[in-house]
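K.L.:
Which chain is which? The protein sequence lines are A and B, in order. Okay, so the first sequence: first residue is 1 according to full-length UniProt numbering, each after it adds one. Okay, so the second sequence: first residue is 1 according to full-length UniProt numbering, each after it adds one.
The set of hints was computed from the structure by calculation and includes no laboratory data. Each statement offered as a hint is correct.
Result set (SDA-like, lysine to any residue): computed pairs, CA atoms no more than 25 Å apart in a straight line: (1) LYS23(A) / ILE4(B); (2) LYS460(A) / GLY306(A); (3) LYS23(A) / LEU10(B); (4) LYS437(A) / GLU163(B).
The following label-pair restraints were derived from C-beta to C-beta distances: (5) PRO111(A) / LEU20(B): 52 to 60 Å; (6) ARG178(B) / SER448(A): 24 to 32 Å; (7) ARG178(B) / LYS410(A): 23 to 31 Å.
To spell it out: a stretch of chain B is covered by chain A in this simulated footprint if at least three of its residues, at any positions, have a beta carbon under 8 Å from a beta carbon of chain A; those stretches are: (8) 153-161; (9) 167-177.
Ideal Cβ placement from N, Cα and C applies to all residues, glycine included.
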Amino acid sequence: MADTLLEIKNLRIEATVYAPGEKPRDVVIVDDVSLTLERGKVMGLIGESGAGKSTIGLSALSYGRGGIRLSGGNILLNGREIRAAGAATLRGLRGKEVTYVAQSAAAAFNPAKRLMEQVTEATLHHGLMSKDEAEKRAVDLFRTLSLPDPENFGKRYPHQVSGGQLQRAMTAMALCPKPDLVIFDEPTTALDVTTQIDVLAAIKTAIAETGVAALYITHDLAVVAQVSDEIMVLRHGKMVEHGTVQQIIEAPREEYTRALISVRSIDHQQKQPTPEPLLRVESVSARYGAMAKDVLSDVSVELHPGQTLALVGESGSGKSTMARVITGLLPPRKGTITFDGKPLPPALRQRSRDELRELQMIYQMADVAMNPRQTVATIIGRPLEFYFGLRGRKRDERVQELLDAIELGKGFADRYPAELSGGQKQRVCIARALAAKPKLIICDEVTSALDPLVADGILKLLLDLQAREGVAYLFITHDIATVRAIADSIAVMYRGKVQRYGPKDQVLTPPFDAYTDLLLSSVPEMQLGWLEKVLAHRRMTSAGN
Amino acid sequence: MKGIPISALLGLFITGLFFLAALLAPWIAPYGLGQIVGDIWEPSSSQFWLGTDNLGRDLLTRMIYGGQTTIFVASMATAVSFTLGSVLGFTAAVYGGVTDQVMSRVNDLVMSIPTLIFALVVLSVMPVTIPVLILVMGLLDSTRVFRLSRAVAVDINVMDFVEAARLRGEGQRWVIFREILPNALSPLVAELGLRFIFAILFISTLSFLGIGIQPPETDWGGIVKENREGIVYGIPAALIPAVAIVTLSISVNLVADWALNRTTSLKGGRGG
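Here chain A stands alone, though its shape is the one from the complex (with noise of 0.2 Å):
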């Protein structure tokens, strides 16, 4: 094996927990992961949050975040031990011999330098090339990597170039001093996916020319089957699964891959629309404060008792207004909503209690849409106190009711929000709602933040929920896949209007109209060459025009 770049064995990875109240105590990361990346492949490291993957990545650099301990077994790089290597000899390693593309390029970089300096500034640090060729190369780089205007592009300040474009210059300068590797850190994940398919195909083309060998480390096991030559799933610091790309994909051997694999293959029977929806948003447009242009601009949509209406777009489109829009937080400029017959007074503070409590909502992040200072009785059982004046025993029955429908049981009414893990803390939310009796739940992007597995939990929990109390949704979000398994009609948001709108079979049946095909065919599939396809099929289309 002359040709090995890296090779990681049994390593182990501790950190300490500070629990407040509690003795600090060690605990373990990472456990015995051991792995083999030769020059020029790509591995794709795959897990859910806590998995330990970005640690792992960071452990090629030598490097534990915050506290963290690299404790035990040996990372040999170019077959030099460096797990315990002095600053000295890790300083000459970083940024030369390993690169680092982290998650959010807008952190990332500094706002007060131009990209040029900071693309090239690892390089000139370590003396590898002078600053003409430093700069020559960087501008290669960019060309590389599909970038507008490569020549002026380096003079440019990040807040001057869209996220896509700044998540692109981080691996020109991760890929500017000729390192032998590089780590992909979730490089992705925070992109619309219309912009995520060409940074993807921009890292991939970038990885091809360059020759260099990668870490990506991702949760999304779609996007790393493009790009990796290896995939090492990874659960709560442990190896699962380690094997080809087409071997994890056709053929995983764990049962917990197997899972990953058949995620959001949800089953969902699409229904017929009734003759009197429940919701009917008529030509509404609404904009923020003095703005001089509309947020939403012009939108009808119905939503039937006991469906779901499905509203897709990427950030800035105009759907979370929507939201706004309809619970009366902001009372549109022009339009009218009718819900269940009678027309919705436009400001929340007109609403009657009950028109409230038929209109419920669920947020994105669960961890603040619950007050951290009161137990999961006090969050599920104030709607009941609250709407039906439930008190005492019966108010606590009904909680545990609450509790059984969203499948948490018994034991949890007496816990705070900081005790319960992500999915839970969304279920406590779908309870709350739940226990309105609404006719309406507005989901904002409730599952985005969640695991795919967790994610999927989820999903089938609200759709198990609908086909019991006939509760309707109105489901925000901008991933494809949850729309496809739960959605009976979909509504393509884009730029404040409605692209695209009707039943789910009908709007996911082409022909597309640009917008829409340009969002179908971004959202990675779990398959390989679907990258390739997608790009030939771009390609093929903007030629014709």
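Mind docking chain B on chain A? Use the hints.
P.N.:
Frame of chain A; chain B shown alone:
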């Protein structure tokens, strides 16, 4: 809760001692408040533990009675300033808009006048009684509490759980007292420890200047005033109240720190 840190225990112990002494003053003070029992500025002895003052009264007795007044006035003033300041601050944050602007700017206006001068002016036209003192001190201090609680509440007010409460149709009272207050407690507790000490210093200053507690009543500032000339002759009587103030300040804040730790680390603490 088990495992109170030693610093907090110490703080609790000393603070408790001060408060107990204040409460039980008539029973534990060795002599009467105005009783002249010896010579002027006698050094400490088994008869007079802390010596005597400028008129030959027992200093320990006067310290105990003085502490009673000082601690009572400071506690009441802090209570007034916190009740008023935090309720108004939360209200400003929750209502926002014009209400917030008017309240905040009026508050700025009051804050722009130096507290001590403001107090001197007001007390020179008002009868100096204990309720008036408490009210003046409490009102002036509430401006600081208003600022802090408004700033904290503005942050909490935009969180999703507050929005959820609004969407449920909850009134402002529920939002303020059930959603915001429990989450704003930690910074307020920290401020409470500090404000109490400032109140002690403030009442002492006023008494030292002669417009605070009036004789024959006394407080720690008054004791400093009466005995300040002794310092020239090397007599430490005026320093004893100073030592008492420092000791109480430190111990109260040791307790406040611990309370702060507890409130932030509760299971329901806002994780960062």
